[in-house]
Amino acid sequence: MPSEPTISNPASPLVMSQIHRVRLGWRIFLFYSSAVLLTGLVSLLFADLLWRTGWSSSGIVLLNLFIVLFLLISLGCMHGVFGFVLRMTHDRRLTRLADYRSRTIKGVSTALVFPIHNEDAARVCQGLRATYESLEKTGCLSSFDFYILSDSTDPDKWVEEEQQWFGLVHDLDALGRVYYRRRVSNEGKKSGNIRDFLRTWGTRYRYFIVFDADSVMRGETVVDLVKLMEANPSAGLVQTVPALVNATSLFGRIQQFANRLYTPIFIPGLNFWAQGFGNYWGHNAIIRTEPFMQHCDLPQLPGRKPFGGLILSHDFVEAALLVKAGWEAWLAYDLEGSYEEAPQTLIDNARRERRWCEGNLQHFMVIWAKGLRGSSRLHLAQGIFGYLASPLWLFFLLTFNWMLWYEGQTGLSRITVRAFTPFLRVTATQHAFIIFVICLAVLFLPKVLALVYLAFDKERRRAFGGLTNAIVSALAETAFSALHAPLQMLWHSQFVAASLLGGGCAQWESQKRTADGITWTEALRQHWGHTLVGLIWGGAIWRLDPLTFWWFTPVMAGMVLSIPLSVLTSRVSLGQQARRVGLFLTPEETEPPPELAALRTGMAALDEEAAIAPPAPDSGLAGVVLDPYLNAIHVSLLREKRQNPDFARALSNLGVGQPEVRTLCERLLAAGPSHLDRREKLLIMSDADQLSWLHRQAWLRPSATLARWWQSQIRQYAR
Amino acid sequence: MSAPGRIDAPGQLAGRPLEEWNGAYSKVESYFHALRVRNKVLLGQLVALVLERAMHRSAAEPQRSATELAVEEMDHLVNAWFAQVLQAAASNAEMLSTRGRMALLLADMPGRWQDQFLRPGPWPDEFVLAMRDGYLRAGPNFQLANMTPRPLDLGPIATLTQWSRFPYVKMAATWILFGLLLVALFYVTHH
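Residue numbers (our numbering), protein chains in the order written: chain A, 1 to 719; chain B, 1 to 191.
Simulated from the structure, these hints should not be mistaken for lab results.
Note that this is a predicted model, so its numbers are computed, not measured.
Yeah, the Cβ is synthetic: ideal placement off N, Cα and C, and Gly gets one too.
Simulated DEER-style distance windows between Cβ atoms:
1) A/Gly-107 with B/Asn-39: 41 to 49 angstroms
2) B/Leu-180 with A/Val-68: 20 to 28 angstroms
3) A/Ala-610 with B/Gly-111: 19 to 27 angstroms
4) B/Pro-140 with A/Val-85: 42 to 50 angstroms
Given these sequences and hints, build the entire structure.
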C-alpha cells in the first residue's frame, strides 16, 4: 500500500528584492505609458476629425471605440518596438541572471508530462520519442521520467494509446522510464489531469515539464530548463517560446512563418515589462512541483457559465497564483529547441480559438481576485481583449456606417470646419488619410522591424531563405492577414456573443477533408454566412456612398472571398509549391534540427501505414478483446490501476465489478458493438476481469453464437 | 493425424467430415497467428498438436463441434504451459492467461523465442527468466499527496456570476433582435 505523504510547505521563494520591484514598476510604467501616449495623440487627431465633420452622439461612441482599439494595436506595436530595441541591446532576462550552464542536474528528478485527450496517439508517441532520444544524447536521461496522461473518452483512441505506448517502450527499451496512465473520469479537464498526476506521483519530482500533444523539445533545452530552475531558486515557472513547426498546408506555413519571423521581436517586449511576473501558456514550460501543488489547485468559480464553474484557460490563472504566492514566472525566450504545431486550416484555427475565447472571457472574473499582482491582471486583461477586440472593431465599423447612413438621411451637405489644431492645414479627407496611415504604420511597424532585425543577422537571414525571400513572404503574409482579419472579426464576435449568452464551447462538427485540404462543400457550409455578410454589407455601403465603399474593400474582400480563401489556404499542394519557390521558409524547414528530422521520419512511416490500413470503427474494441497481447496489456494496466485507492473508487463509481457489466459483455458477444453505446463500451473496457473473460469467450465460443461482426474480426487473424 | 484405434470412413477424420476439421484448423491457426507465431513449420506443428488432442475427445463428445473441441484444447494446452513456465497455479484460468500472454510479450516470444512456445521444458534460462520477471509497469509506485484548491476572493464581482441566472437574458436578446428586425422592416417599407 503506497504511503500518503502530505506536501510540506515549500521553501519560501527568494522574494524579489525591493530594488527590482521598483525597476519593474518603472518598466511597466514606461511600456504602457508609451502606448497610452501614442493612443492619446492619435485619438486627439481622430476627435479633431470628428469635430470638423460634425460632432454627434454617434461620433462620441465612435471615438471611444477608436480609443480602445487603438490602444490595443499600440500595445502590440510597443511590444514590437521595445522588443526590437532590446534585441539590439541586451535586456535583463532569466538566462542572464545566473550562471546556469555550469550547474549539474544529477539527483534532480523531473517528470515530462504529456496530457492528451482523444489525440492522435501515434503522433504523441513520435513526439515523445523525438524528445526522449534527444534527451538520451545529453547523457542526462536518468534524471527524467515521461508520462502520457490520457483523458481520452473514445474507446478506440484508448486502445490505440496503449498500443502505441507499448510499442514505444518496447522500441526504446524504456519500460520503467516512459509511463502511461488513463484517468477514469475527465474531472477538471486538462488541469484536472495534471492535478491527478501530481496527487499520484507529484512528490517524486522536484520539477515537471508540461508538453502538449504536438510538442517536441530538444534534449539540451529540457536540461537547460532544469538548470535554470536550479540556478534560480525563486523561479516557480519558466515558459519557453515554442516555435511553430511541421506545417504543410499553405495556411499552416503562413502562420508558421509569421510565428518564426515576428515572435523574436514581440517576446522580448513582453519580457521587458513582465520580467519575473510572466505568464504560462499551458505547455512547453517547466514548473516547480511543490509550490504548484501548494498554490495552484484551481477552485471552481462561483455561478454558472459564462463566468462561473471550471476555470477553462487554467494556465494564465496558475501563473497568476504562483506569482501571487511570491514565486517568479519567467519567459525563457532565448532558449531554442522548443516546438509545437499549429492548425492547418482556417476552420481548424477558428475551432481552437473558440475554445480559447470562452476560457479567456472567463478571466473577467479572475482578474478582480484579491491579492493578484498587477502584472498578472495585465496578462489576463490582454487575453480577454484578444477576443473582445473583434466585436469592438465590428461595432466601430457599424457605428461608422450608421453615421454615414444618418448623414445621408438628413440630406444635409457635409461642411467641414477648420481643424481644431490650427497648425494642421489639411482638408478633412487628408486629415482622415493621415489617421489611416498612422493606423497602418502602428499595425505594420513591428513587421518591418522584424525584417530589419533579420537583415542584421546573417545566420537567420540564411535560415529564412535569404532577405529577399523573407521580404516577399512577409508581404504575402500581410496580404493574407488583411483578408483573414475580417473573418477573424466575424468569428470572434460570434464566439464572444455565444460565450456571453452561455452557449459555451459547442461541439463543432468534424470537417470533411481530403488529403490535400478541406473540400469546397465544407468551405461553403462554414463560410456561406461570412460571404453573405460581406455581400450585403458591401452592397449597403456602395448604396450609401461609393467612395466609402472603396475604403471598405479590404474588409469586405476577406468576407466575400472567404470560401476560396479557406479552401486554397488549406491545400498542402499549395503549401509545398510555395516552399519550392522559397516562400514562407522558416529555419526549421531550411535546416531541420535532428529532433524534428527524427519526428518527420517517424511520422512519414506511420502515415504510409495509416494510408494502407485506416482503422475501422470499433477496431480498438475488437483489438482489446481478440488480440492476445493488446488484451493482456489493457487488463494488466487496469489491474495495476486498481491498486491506487482513488482509481479503485472511480472504477467502482463507474460500475466496474457490477453484474450488469457481464450482461453487457454477453450482449457485446451476441449482437456486436453496434448494440452498445460509448458509455457501455467504456464500462466494459474499464473492467479487467470482464475483459479477460471476453477474450477467452470470443475465441472459445462456437462462431454461430457470436455476432457476425466478431466472426469477421476473427477471420482477419487468418492469413 | 487421427484418433487412435479408429479407422475413418473416406472423407472423414476422427469420425467427422474433413471440412469440420478444416474449420477447427483455421480457428486454432488464427489464434496462434494472433500470438504472432509466424514460423510456418512451428505453426503447423502447434496446430497439429492441438487438433490431435481434440480428435482424442471427438468420439466421446459427438454433440460438440470440432472447432469447439479444438479451441478448448488449445486453451487448456496454452494455460497449462503458462502454469509450468511461470510456476503459477492454474486455478484462475483467466488471470493466468493474461499473465502468460503479458509474459510472452515482455519476453519477446514473437521475436526471439517462437521455438520455445508450447514446448515442454526444460527451457533456456534466459527465456524462463524473461517470462517470470516480466511485469508491465505503467507508472512508478504511487506517492499519494493532497492538493486543496484555495478559494479566490473575487470580491463584489462575484455577484456578477449570477447574471446568467437571470431568466430573461435570452428572451431579452431575442426581443432586441426582433426589435431590430422591425426597425429594418420599417426602413425598407418607408424609403
